[in-house]
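Let the sequences and hints guide you as you build the complete structure.
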Amino acid sequence: MLKFTIRRIINLIPVLLILTFGVFTLLYLTPGDPALMKLTAQGTAVTDELLELERERMGLNQPFLTRYINWILGILHGNFGNSYADDMPILPKLLDALGYTMVLAIASTVVSVVVAIPLGVLTAIKKDSILDNIVRVFAFIGNAMPNFLISLLLMYLFCIQLRIFPVIAKGSVQGLFLPTLSLAIPMASKFMRQTRADVLSQLDEEYVIGMHARGVKERTILFKNVLHNALGGVITIVSLQIRVLIGGSIVIETIFRWPGIGSLMMDSISARDYPVVQGAVLILATLQVLVNLATDISYCIIDKRIELE
Amino acid sequence: MAESKKIDKSKLSKKQLKKLRLKRKTYILGGIVALLLIASLIAPMLTPWDPYATDPLNMRAAPSAEHIFGTDYLGRDVFSRVLSGARTSIFATLVLVIISFVIGSAIGIICGYYGGFVDNILMRITDILLSLPQLVLAVAVAGMMGGSLTNALIAIGITSWTSYARLARSHTMRIKQLPYIDSVRMTGSGDLNILLRHVFPNLIGSMLVNATLEIGTTMLSIAGLSFLGLGVAPPAAEWGSMVSEGRAYLQLAPWTVFAPAASILVAVMIFNYFGECVCDLANMNEV
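Read top to bottom, the protein sequences are chains A and B. So the first sequence is numbered by the working numbering: it starts at 1 and just counts up by one. So the second sequence is numbered by the working numbering: it starts at 1 and just counts up by one.
Mixed in with the good hints there might be a few duds.
[What the hints assert, rightly or not] No farther apart than 27 Å at their CA atoms in a straight line, the calculated lysine-lysine pairs in the BS3-like style are these:
| hint | chain 1 | residue 1 | chain 2 | residue 2 |
| --- | --- | --- | --- | --- |
| 1 | A | Lys217 | A | Lys126 |
| 2 | B | Lys19 | A | Lys126 |
| 3 | A | Lys127 | B | Lys25 |
Simulated from the structure, these hints should not be mistaken for laboratory data.
Put into C-alpha cells, the structure is as follows:
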C-alpha cells in the first residue's frame, strides 16, 4: 500500500514537469509583447526606453529555457509571478479563488453522490418499474443538457420567477445553492446510470445466485457484496467526472458570478492578464492530478488485487 | 430488415428478439440522425426571416405566429437564427470529431504497430492530456489565441484525439499478434499495406462506435466555449453564442436563451441515444 502510493507519487513528477512546460509555452506563444501588455494594462504612457526597461525587469530578454527554469523555481518558492493588471503577486488571488471553487466542487460532488447512488441501486433492484423508467428518462436528459442551460433554467425559475435566491452569488451561502445544483444535476445523472449498470451486472454474477441458494438474506447480499463490488466502477466515474466538474465550474462560476478560479480565469482572459490565466490553469490541472492520485489509492483500498499488478 | 420480417418470431430466442428490436431502433435513430444532418444543411436556406436583419420596432417580441421563437434584443427572428445556426453548431462538431478520429487513429495505429521509443513518449503524452481538465485547457488556449471557431476547435482538439489514439493502439497491439498478420507478412506485403488493408479494417468498427459516443460531448464542449465568448463571434448565428448573447435579457426575453439552448439539448440527446444504441448493438455482436 505504502509502496504503491510512493510509486504513484514519483510518477507524478514527469507529469507535473510536462504540464508546467506546456503551460509556460502557451504563454510564451501568445501573440503580443508581455511588457507592452503590462504597461498598457497599467495605463502607463509607453515609450521605447520604458518598454526596454520593463522587458529587462521582467526578464524577457533571457532565452526561453532560462525563463522557464526561473519560473519553475519561482513557483517552487510560492512565487507565481505578478499580475499585469495591478502588479500584485498572483498566488494570494489564486488561493483565495481556489477556496471558493473547492467549496463549490465538494458541495456538488457530495450532493450528486448522496442523491445518485441510492437512486442507482434502487432502480437496479426495481428494474423496469415505473420509478426506474422515470429516473432513467431524467438521467438521460440531465446527461445531454449543456451546463449553461441548467443554470440559466434554475436562475430563471428561482431568481426571476420565484425570487427565492439572489441572481449574483458573490460567494454567499445562499448563493451557493444554485451553482451547486447546476453542477450536481449532470453529474448525478452520470453517477446514477453508472451505479445502475454496475449493480445490474453484479446481480447477474454467479456468486449472487449461489448466495441466494444458500439462503443468505437479500439485504446482506446487496450491501455486503454487490455494493462493494460495484464500488470500483462508481469511483472511476466519480473521478472522471471531477475532470468535467472542474471544466464546468468555469461556465457556472461565470454565470452566477461565483468568485472561484473559473471566473477569475475568464475575467483575466478578457483583461488579457495572462499570467493569472497561466497560474489558474496550473492550479486546476494540479488539483486534477491530485484527484487522480487519490482515485488510484482508493482503488487499492477497495480491491487489494490492484496493488499486485 | 426485409429478411428479418420473414423469420417466425416465435422460434427466436429471447436474446435474438432483443437484438432484432435493438437493430430496428438503431436503424430508426440512424434515420433521424441523417434527417437532422440533412435538415441542418438545408435549414439556413429555409429561414422565414433574414437571421441578421434587425428590426428596432420589434425588439424582444414574445413568441407569436409570426415569430415562432420570438425576437431577440435587436429584433432579429430567433427561429431563423436557430435554423441558420444549426449548420455551424452541428457541422463544427462533426468536423472536430472526424479530425480527432483520423489523427488519433493514425497515431494510435502507428504506436501500437511499431512500439518502442516513440510509442512510449506518445503514450505518456496521452496519459498526461487525459488526466487534465479538458475544458480548462481549451478555455486557456482559446482565450489566449483569441476567440474564433477555428481556435475553439483547435483548443478542444488538443485533448480530444487522445482517447482515439489509446483505443486504436490497444486494438492494433491485439491484432498484430494474430496469425493472419504473420501470413500476410510472409507474402511479402509492406508495413503500409498491412496497416491499411489488414489492421485498419479490423479496428474501424469499434473506433466508429467510440466516435458516435463522442459526438454529444464534443457538441457540449464547443457550445460551452461559444457560450463563454471564446467560439463563434457574436453577429454570426451559432447556438452557444446565441445563448451567451441572450443571457443579459433572461428576465425580459427568456426565449432568446431557451430556444437555442433547447436546440443543443435536443441535438445532443439524439446523438447520445444513437451512440448508445450503436454501442449496445456492437457489444451484442461481440458476445
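Hints and how they fare:
no., hint, in the structure
1, Lys217/A to Lys126/A, "holds, 17 Å"
2, Lys19/B to Lys126/A, "holds, 23 Å"
3, Lys127/A to Lys25/B, "holds, 20 Å"
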